[in-house]
Amino acid sequence: MTILKNHDTKGVAFVDDAKLTARHVNVFYGDKQAIFDVSLDVGANEVIALIGPSGCGKSTFLRCLNRMNDTIDRCQVQGDILLDGEPIYDGSMDVVPLRARVGMVFQKPNPFPKSIYDNVAYGPRLHGLATTRVELDAIVEYSLQRAGLWNEVKDRLDAPGTGLSGGQQQRLCIARTIAVDPEVILMDEPCSALDPIATAKIEELIDELRENYTIAIVTHSMQQAARVSQRTAYFHMGQLVEVNPTEQMFTTPEHTLTEAYITGRFG
Amino acid sequence: MNDSTLFIVIVLTFIGVYRLGRNRAQALAMAGTRLHSLPSHYGVLLAMWAGLPVLITLLLWRLLEPTLVDAMILRQLPETVRAGSDAQVQLAISMVRNIAAGAALATPDGFESSVSHVIALQARMVLLQAGVLLAVALFGLAVCWYRFTPNQAARTDVERMVRVLLLCSSAVAVLTTVGILASVLYESWLFFGMVSPLEFLFGTHWSPQISLRDEQTGSSASFGAVPLFAGTLMIAMIAMLIAVPVGLMAAIYLSEYATDSVRNMAKPTLEVLAGIPSIVYGFFALLTVAPLIRELGTALGVSVSSASALAVGVVMGIMIIPFISSLSDDVLNAVPQSLRDGSDALGATRNETIRQVVVPAALPGIVAAIMLAFSRAIGETMIVTMAAGMVANLSANPLDSVTTVTAQMVSLLVGDQAFDSPKTLAAFALGLVLFITTLALNYVAVNMVKKYREHYD
Amino acid sequence: MTDSSLSTRQKVERSLARRRATETRFHALGFMAVLFGLLSVVVLFGDILLKGSSTFRQTVIVTDIHLDAQFLGLTPRSKEAHIRRADFEGLIRQQLHAAMPTMTEDEARELHRLISIGAAWQLSDWVVENPQHLNQTIRFELLADHLVDQWFKHDRRKGISQRLSDVQLSWLHEWADSGQMYTRFNRLFFTHGDSQEPELAGVRGAMMGTFLTLMVTLVLSFPIGIATAIYLEQFAPARQWINLVEININNLAAVPSITFGLLGLAIFINLFGVTRSTPLIGGLVLTLMALPTIIISARAAIKSVPLSIQEAAYGLGASKVQVVFHHVLPLALPGMLTGTILAMAQALGATAPLLLIGMVAFVVDVPNAISDPSTVLPVQIFLWADSPERAFIERTSGAILVLLGFLISMNTLAVLLRQRIERRR
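Just so you know, the sequences run in chain order A, B and C.
The opening position of the first sequence corresponds to residue 1 in my numbering, with each subsequent residue numbered one higher.
The opening position of the second sequence corresponds to residue 1 in my numbering, with each subsequent residue numbered one higher.
The opening position of the third sequence corresponds to residue 1 in my numbering, with each subsequent residue numbered one higher.
With the rest of the complex left out, here is chain A (with noise of 0.2 Å):
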C-alpha cells in the first residue's frame, strides 16, 4: 500500500463559494498524529461526503470543525479552518456562537432524558432564540416538521425522547440542531445505527435540508455518499487522498487508493 507523497490531494478541494475553509490542518492526539495537512474546503449548500476506511480521521476532521475536539484533553489542533472567512480557533472566537452555527448529529441516537418538546426547545432556550411561549411553539413545529417527524409525535409532544424508535430519536437529533438555526450541519456516520428503512427516511431529509444548510456528513457507506453527496472527499491514514465531485469519484477515480478503496479491496 502507498502512501500518499508530499500530501498532494487529487481532484479538487477548493470551491469558490466556500463556506467552511480548512487550510493546512494537523490534529494530534498526545504524540500521535491523527490528520497530516488536510486542506478543504466546504462550500454553501452543498452536501459533502466525507468517505475512508474506518480509524482514517473523516470524523476527527468533521469534529474540527466545530470544535467538538476541544472537550478532548489531550487533542491539539493546528492549522487554519475559517467560517465564512472567520478562523474559528482563534482566541477571540467563542464556541457557543460558533456551534450554534455550525450544529452536529452524531453516530448514535443521544436523546436527551427530556420530552420531545423540551429536546427540541432546548437549544432555543440556551441561546434565547423565542422570547415567548408561542415563538417557541412555533419553533419546535418548524424544526420537527422539517426533520419529517412532525406528523408522528405531534400527539405526544410531552413523551420522553428516549421513548421514540432508533430512526426516530435520530430525526428527533437532526429537530433539535435544527432549531438552533444553524448555517452547517455536522453529520457523523448518523445512519450507522438504524436500519434500512429508517436510513432512507433521514438521507431523504438530508436531501431536503440542502436547501437551507450546508451538511459534511462522514459515512462508511459508500452508497450512501453516492447518493446524499455533490462532492466526496476520500480519506486515507489521516491524510486527504482526493476530492472529487461525486459522480466522478464512484466512476474515475483519480488516485489509486481512492480506487482500491471505493472497489472494496480494503475498507
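It is possible that some hints are incorrect.
Listed next, the in silico DSBU-like pairs over lysine-lysine satisfying Cα-Cα at most 35 Å (straight line) [unchecked claim]:
no.: 1; chain 1: A; residue 1: K32; chain 2: A; residue 2: K108
no.: 2; chain 1: A; residue 1: K201; chain 2: A; residue 2: K114
no.: 3; chain 1: C; residue 1: K11; chain 2: A; residue 2: K114
no.: 4; chain 1: B; residue 1: K450; chain 2: C; residue 2: K303
Just so you know, the hints here were simulated from the structure itself, not pulled from any lab data.
Following the hints, position chains B and C against chain A.
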C-alpha cells in the same frame, strides 16, 4: 490452663495428628501401595476427625459451664440469701465467683462453704474438661485410624468438609442480620409490654430516668420518643444542608472541570475526611466548633446553647461530604459522554450542559446517594454522644440543644444495666426504629442505583 | 435565510454575556466546594495538632536528691518489695523543704502540690535499678504536676496562670529562669495505662486493648470473610443463596454501627455469657462489622483472577478445591489483604458499638490477654474528652494523634499494597 495455652495446645495437637496421618499414608505409598489420594489428604482427614469434635465439645462446655456452676453455687448458699429476690441471688452468686477467683474481698459469714466448694469445683472442672476433651479427640482419632484403607477417598471427604466449612462461613453474614433483628425485636417486645407503642411513637415527653425522690412530679419515667426523632431529624437535616451542596458541587467540579492534577490531589484528600473516625469529629465539634458558634452567637447577641444542634450538624455535614461527593462522582461518570456531546454541539456552555442535561440524567443516582448519606447521618453516634445535648428538648431552633436517638441509646446502655427495666429496654426499641429506618432507606437507595445503572449500561 | 440567520446570530450574541457570567459563577462555586472540603481537612488536622502536639512533651523539675538510707529505712541489700514500700514521697518533700528553710507549713503544702505523685514512684523505680547509689546525692528529674505542666508549656509565655497561687508562681518562675524546669519527651504517655492524674495517664493500656481487640477481629474476620467470598464466587450452587447473602452483606455494610453493639449486648453477653469489657467481646462485635468490607473486597480479588489459569489447572486434573486453594487464592491474596487492612482501619476507629459492650470502664492496668478488662484507643479518647481538666483535653488530642497515626500507616500500607498489585498486572 488459660485460653491462650489451650489454644496453642489445640493447634499443636492438630499439627501432630496431621503428621501422624500423613506419615502413615506416606509409609504405605513408599511400600508401593497405590493410594486413592495424596498423603496430605489423609493427614488433614485425621486431623479433622480428631479436632472438630474437640472444638465442638469445647464450645458446648463453655456455653453450659456457667449455668451449671451457678446452679451448684445456689445449692450451697445460705437459706436466707436463697429466699431473696432474683437480683439478690444473682448478686450473691457473682460475689462467690469473684471471691473464688481470688478477688481480695472478705468472705461474708455463711458463704464459706459455697466459696470453698466453688474453688474445689473449679479445680475438678479443669481436670474434667481436659479429660473429656482428650477422650473425644482420641475417640475421633481411633475411629478414623481404623477406617483407614488405601482405597479410602480421603480427598473427596476432605473437600466435602471444606465445602461445608465455607458454607458455614457464608452463613455468618445472614446470622448477623438475624441476630440483630432478633435482639432488637425481642427486647423491644419486652419493652412494649411495659410501655405502649403509641406512647413511645407519639409521646412528646422523654425522661427515662426513674426519679429516686418520690415527691418529684412524674416519678415514673416517660418514654415519648418524639423529641428524639425530631432532634435526630434536625441534626441530620443541618448536616445534609452542608453536605449535599458542597459534596455535589465538589463532585461536579472534580468530574467536569478540574484538571487531572487537581483531581488526583483533591480526591484522595477529600476521602481522608471519610477515613477519620467519628470520635475525632465528635471531639472537634465539642471543643472547637460548638464554642466557636456559641461565641459567634454571643457577639451577635443571640443566645446559643453550648451543645447546639447547629454545631453538631455542621461537623456531621463535613464528615458526610466525601460520602456524597464520591457517590455522586460515580453516578456523574456513568452519564454517557454522548449526552454531553449532544448538548455541547448545540452551543451550550459547560454549566448549562451540567445543570440541564448531566444532573437531570444522573438524578436518580444522586437522590440515592443523598438517601444513603441521610441514613448515615441519622445512624451516626459518636458526634452526637459527645457534642449534642442529653436532655430531650422538643425545639425547632437549631441553636438549642437537642438530643438524638443514638445519643440516648448510648446514655441508656452505658453504665448499669438491668434487663428488666424499661430504661434499658427502651434503647432496644430505639434501636429497632433506627434499624428499620436505615434499612428502608438503604433498600430504596440501592434499588434506585441498580435501576439507574441498568438504564445506561 | 440571510435575514433570519442574522437575527439568530444576534440573539445568540446578545445572550452571551449573561451566560458567560453564569458560567464563571458556577465554576467558582464548584471550586469553592472543593476548597471547603480541603480546608476542612486542614482545619481538622491543624486544630488537633495544635491542641495535641504538646502532649508529647512533659515538664520536669530537676533537683538534687540525697538518697538518705536512714530516712528511707533501706540498705543497699534491701529487697525490691522493701524498696517499693519506702517513703520516697516523704524524702522528696524533705529535700524540697531543705532547699527553702524559711517556708511556712502552708507554703510547704503548696510546694508539694507542684510535684506529681508520680515523681515518688519514678524515684523508687530508679533506686530499684541502682541500689548502689543509696546515701549518695543524685540529680533527679521530678515529674511536675499537670497544672505546672500546662502553665510551663502554654501559659508562661502569655503571662497568665490557672489555679496556681502567687507563691507557687514565684517558685515556678524561679525554676524556669534558672533552667531547673524544662520539658522532655513524654515517655510516660506511651508506657502507662489510664490514671486519674493527667500527668500519669497514658495510652499504653488503650493501645494494648486496641491491639488485642484487633487481633481477635483479624483472626476471626479474615478466615470467615475469605471463606465466604470463596464460597460465593466459586462453590455456591444456588443463586438464591448468593442473593440472600449478598443482600445481608449490603445491609450490614450500611447499618449504623451502634446496632452491632446492641447485638453484642443482647446475644453475646446476655445469651452466651461472654464477659463484658474484654478484647474478646470487642473483637467478636468488630468482626461482624468488618466482615462486609472484607467479603466485598475478597470477592473482587477473586473475580480478577484470570479464568485461563483456573482452566489450565482443571485441564491438569485438579479438583475444584485444589484449583481454588492452589491457584485462585494465592493470586487473589494481595487484593484480599488490602481490603482486610482497610476493614481493620475501620474497626480501629469504631467506638459506638464498643461503648455498649462495656469497654468504657476505667482501666488502669495494661491488659495482657483477650480476657482482661480493657478499653480501646477511641473509647479512651471518648473518656478523656469528658474530663474537665485542661491537661486531659491536651491528652485527648494527643491520643487522637496516635490513633490517626495508626490509621494513616494502615491506609498507606493498603495503598502501597494496591499499587504493587496494579504494577504486577
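Enumerate the violated hints, using their earlier numbering and listing them in ascending order.
Hints that this structure does not satisfy do not exist here, as all of them hold.
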